[in-house]
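**Q** In the order they appear, the protein sequences are chains A and B.
Note that the numbering used here has the first sequence beginning at 1, numbered continuously upward.
Note that the numbering used here has the second sequence beginning at 1001, numbered continuously upward.
A couple of the hints might just be wrong.
Just the calculated beta-carbon pair ranges, DEER-fashion [said to hold, decoys possible]:
hint : chain 1 : residue 1 : chain 2 : residue 2 : range
1    : B       : S1199     : A       : G147      : 55 to 61 angstroms
2    : A       : G147      : B       : P1327     : 56 to 62 angstroms
3    : A       : R282      : B       : P1135     : 43 to 49 angstroms
4    : A       : D286      : B       : I1133     : 49 to 55 angstroms
5    : B       : V1153     : A       : L214      : 28 to 34 angstroms
6    : A       : L24       : B       : P1190     : 27 to 33 angstroms
7    : A       : F218      : B       : G1292     : 40 to 46 angstroms
8    : B       : R1026     : A       : G147      : 56 to 62 angstroms
9    : B       : E1329     : A       : V31       : 50 to 56 angstroms
10   : A       : P217      : B       : P1190     : 47 to 53 angstroms
11   : B       : A1198     : A       : S199      : 46 to 52 angstroms
Derived by calculation from the structure, the hints in this document are not laboratory data.
Built from N, CA and C at the ideal position, the CB exists for glycine as well.
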Amino acid sequence: MSSHSPTAVRNERRALLATITVLLVAFGLSVAIGVGSVTLTPSSWIAGLQRDSDASNREIIAAHARTTRAAMAVLAGFGLGVSGALLQALYRNPLAGPSITGVSQGAITAVIVWVTFGPAATAENGTVVMALVAIVGGSASGLATYGISRLGGSVDPMRLILIGVLLGGVLASATSFALLRAGERAPAIIRWISGALNSTSWDEVWIVAGGLALLAPFTLWCIPLGNALALGDESAHAIGQSVPMARLAMLLTACALTAVSIARVGGLAFVGLVAPHLARPRVGSDLRRLVPAAGLAGAGLVLIADGLARNLRPSTLPLPFDTANNTLPAGLFLAVFGGLFFVRTIRRTA
Amino acid sequence: MIDTQRRSAAALPSDNDTAGPRTPGRRLALVLAVAAAASLGLAVLQLTRGEPVLGVGDAIDVLRRDDSSTAAFLVRELRLPRVLAALLAGALLGASGVLLQDSLRNPLADPSLLGVGQGASFAMALFTFYPEIAPPLPRTAVSLVAGAATGVVVLLIAGRIRDSIRVILVGAVMTGFLGSITSLMILLVPPDRVDSFASYQRFVIGSVSTATWSTVAQLAIWFAVGLPFAIVAGRVLDLLKLGDDAAASAGLEPARARIALMALAMVLVAPAYALVGPIGFVALLAPHMARGALRTTGARPVIGAAAVLGAVQVLGADVLGRLLLFPRELPAGLWTVLIAGPFAVVFVGRLRAAR
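So here's chain A without its partners, still in its complex pose (with noise of 0.2 angstroms):
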């Protein structure tokens, strides 16, 4: 202490904390490729990947779906992380989050919408029409909780909530409807609205990858944005920010993130909620470090609960019939996590 300035010990920590951090995701990405029915070594992963000759059948086929399934993770995680911190910071409520504002409803019921009445997607595009259908979905879903919400004069955040969890529920029952419609894909449809990674494929790892990088450089705009609002409308105003301006570029650029990054995965419950609050503590709520410090909280949740997903197999639970899929989605790892969480959130806020 003596020797140091609180500023210098901060950003030690700061950094040692980070470190700590991705190599625990890194842990964790080792975990998820290296574990499961063949255990891929980093040369046999290598080499599967390669399709090297040395390499097995099974260790090929291995390192490729476990790969493009932790990226995947990854990549859904992370942005849902970062599009949970916004929301929080544009709500300036710690409850806000993806699954909550009605953003992630939008963006589902769009998808289902378009998978039960839209134009069959063929197999190259499916993916990237799918994201567009979600962005369209969820920034028409979030946007309209924005618009709903000034009618009575001001955007108080409290009641932006509201408006979100109403309209999600009103969304939800559309769902329903189009799965009416659905007939024998419904399952389908409720394996993906779930939240279930297994079967990814590289383009589909691409395609999230690519929107991700796409909206980096607006989310990067956001971040001071962002940070202005948290001082509040009139200091915001004050600095020269038009609050709903910046209020409305937050929304749509998390609103994006969520879409994107759920497009091909389906529901991951709560990580766009529960991920900024992990790295709350441990980085402050300067956006400019709990922007990155979420989006690695949520890629860390989501690469567990499929780590959870693909090890803990219906077969291997004391069930008393057969069952019809033996994998269980992520997400269903995540709503119950989630769930927990926020309840404790909410019973130690508000």
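Put chain B on the given structure of chain A with help from the hints.
**A** For chain B alone, coordinates are given in the frame of chain A:
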């Protein structure tokens, strides 16, 4: 925070006793008359439209004497129980909405937001897909208990039940949580039972299309038992609105009274959800319509008016679902998506934020 007391402060129970040209009593009579006329019109539509279309005279004819024709079967066994089930379920929902909103002092209380609907759906999924592990009780009884229990758990977790936002957020979490468990049950369903999915989905949306005379009888029993209690409880609701201290000085234990009122609300709503599915936001909308039409918040007239307005809503919903894309039939829950839900969203948007 949302100002939840804005409406309740305006009117006291004495409002409905004063005589005058436009008293709440006369407004109530007017609302009842309009609702009765609307119900009658909708019932005539429901009894006569469809395949085949009947004349009004024919429909009344077969109602008066059973001539064992197809038309008689259609009207007496399919269309009439459907009308009555819709009316009864709607009345139960409307009355329970008033009890929930007034006892929680929460203008946004709706059983579907408290997780009651998802609880009922969970029981339905259990019975539809896994009959062998379902408890050996009637499906509606388990749906009823599951729905009511979910609502109670949400209120217990929220703790401060008068905080609208907390209750609704906890309800949203509980709905999501149970929803993902229900989705999981569907995902793991044995392949030979996937066919039952459509009937499950129809229930989840809320539909009176499969109502029989047995449905009507069950709803009627809950209605006959619950509604008088609700109207008697109106006095307690009015006392609670004066504030907990005033209620206590009138000899009421506010906490206990609230629990009893919530239990009564569950007794009203859970059978409706268990029998016709969780039709969302009807219970939210009806009390607000009733208060607006009566220009009073006195609980007893509002409960009566909300019951008839709820009944008209569900019947209207069923007619809408049946005739909108005729001959294809949509479940009555369509109402939630097209009308009651958007209204609820806009209603919250218009609530004044009190800071």
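**Q** Compare the structure with each hint and give your call.
**A** Here is what the structure says about each hint:
no.	hint	result
1	B/S1199 / A/G147: 55 to 61 angstroms	38 angstroms, violated
2	A/G147 / B/P1327: 56 to 62 angstroms	37 angstroms, violated
3	A/R282 / B/P1135: 43 to 49 angstroms	46 angstroms, holds
4	A/D286 / B/I1133: 49 to 55 angstroms	51 angstroms, holds
5	B/V1153 / A/L214: 28 to 34 angstroms	43 angstroms, violated
6	A/L24 / B/P1190: 27 to 33 angstroms	40 angstroms, violated
7	A/F218 / B/G1292: 40 to 46 angstroms	43 angstroms, holds
8	B/R1026 / A/G147: 56 to 62 angstroms	39 angstroms, violated
9	B/E1329 / A/V31: 50 to 56 angstroms	51 angstroms, holds
10	A/P217 / B/P1190: 47 to 53 angstroms	49 angstroms, holds
11	B/A1198 / A/S199: 46 to 52 angstroms	27 angstroms, violated
When the structure is compared with the earlier hints, violations turn up for hints 1, 2, 5, 6, 8, 11 and for no others.
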